[in-house]
Amino acid sequence: MPHKILSVDDSLTIRMLVKRSFKNFDCVVIEACNGEEGLAAITKDRPDLIFLDITMPVMDGVTMLTKLKENPDLKTIPVIMLTAESGRENVAYIAKLGVRDYLVKPFKDDQLIEKAGRVLKLEPKPAAV
Amino acid sequence: MKSDSPKFDLQKTVLRVVPNVIFTMLEIRALPTQTSRDPEINRVSAIIGFGGDTINGMIYLHFPESFGHVIAGKLLDVELGRAANDREINDAVGELCNMISGGLRAVLADAGFDTGMSPPSIIRGKGFTIESQPDFEITHFHFACDQDVLDLEVHLKL
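Residue numbers (the working numbering), protein chains in the order written: chain Z, 48 to 176; chain U, 990 to 1147.
Pair by pair, the computed Cβ-Cβ distance ranges are:
1) U/1122 <-> Z/157: 38 to 48 Å
2) Z/75 <-> U/1147: 40 to 50 Å
3) U/1024 <-> Z/145: 42 to 52 Å
4) U/1023 <-> Z/67: 33 to 43 Å
It is worth saying that the hints were derived from the structure and are not from the lab.
Positions of the beta carbon are idealized from the N, C-alpha and C atoms, including for glycine.
Next up, chain U with everything else stripped away, as it sits in the complex (with noise of 0.2 Å):
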């Protein structure tokens, strides 16, 4: 980090950008909330690594499924006039972790740190769980969208 840079402060960032980006492309308030998801139900999870010389880390953005024809819907229905398909669901919801990750990574890089990112990819299923090596720092966010729960999960590796 550069010794002018200012600190990154992730819980702030998360708390900005989460919101932001829900609100801009879906019109939707995310709330930070204490209550995480229900494990047992089916979701949609966008993965999206980033790296550079001295950071490392990844965005997991895990919505349920049923949030995620919400999501595809409000971004695509209107021109489809169907029910979105699982490649368009995978598509809205990577689509926003993009823009989640880019506004991390903005700050990241405010801040000193100038990383690359992988494009998105999506895991769909229900009761995983994810680990990472032991040296990165995982923090977990939820945020209750309408009648939904939002969870993002960062790794930082510093």
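Next up, chain Z with everything else stripped away, as it sits in the complex (with noise of 0.2 Å):
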């Protein structure tokens, strides 16, 4: 089964980046523009793994993520921070909600698959038939 891997950014740049980044890999990267959007796509699929912007319209990434953390079926998925917020302060707050890693805009495309490595046994994509 392939790995899923939501991205949740109002950016579409960023969605397509992360995407870009596991083609080569057996993942499936699903999309939300928000947070509400992110809930929404938490409970239908069930991601291996979320990326998690911040500042986004609709519903914010720090709510989102206070949500997910208070839902008991829910709060084992790990979250990886993807954002330009850097300030310690702010990373510092974020941290204690329980992430479990926080990758800083800009990026690298191996610096995304590095840190979803540390959490999912990536395999390339199987050749197709």
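Since each chain sits alone in its own frame, please combine them into the complex, following the hints.
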């Protein structure tokens, strides 16, 4: 079964970059544009890993993360923050909410893969038959 | 500002953050230059506002429209296999402005100025100038990126 990775970001560019980073791996990347869509996607698809932005319309990443951690069925899903927010106090506050890792934008594909590889056993995409 | 906080050096911060964002995301070197853009060419400008208890500001990032195509192409074309449309260019330019703003706000936060920020907005056109209230300090930066010039304006009120 391919791993399911959820990218929650209001930027199409970032969601595309996440998708592109994992195109050679046995992964399916699901997209959500804000925290509300993210929570709906989590309930529907139960991803193995979430990349989460902070500043988004409708529902921001901190609110989504707080709601996720309040849900006993979902709170163990690993979350990696992928955000331009990097002030020490912000990072410390979010770390307390329980995230697996924190990647500050700008980023390279390799960094995403390396961070995901600490959480998931990434396998190459099987060759098409 | 906290008494034990490091002083915020806008010049030094911008000259570190902008080339880092542009090179990391686009693999293009952004070199500081004194030459600003030609005001009569079409441009795509991203705007992000930020504010806190003792500081307010705006960041304006201006690209020639042709460079907007380059940016969106580098970030999106591999997947799309076609030229980027206006929405995709706006998104890519807005996201670069978001990253630059994040870098500046991180240094501000470490200097004791915590701020929230707005999502990016986009203006397109040519020959326009931007004015702030008189008590804002405005600083202009210019960067040569291959054949194009990227301009950054920081409007700050402390």
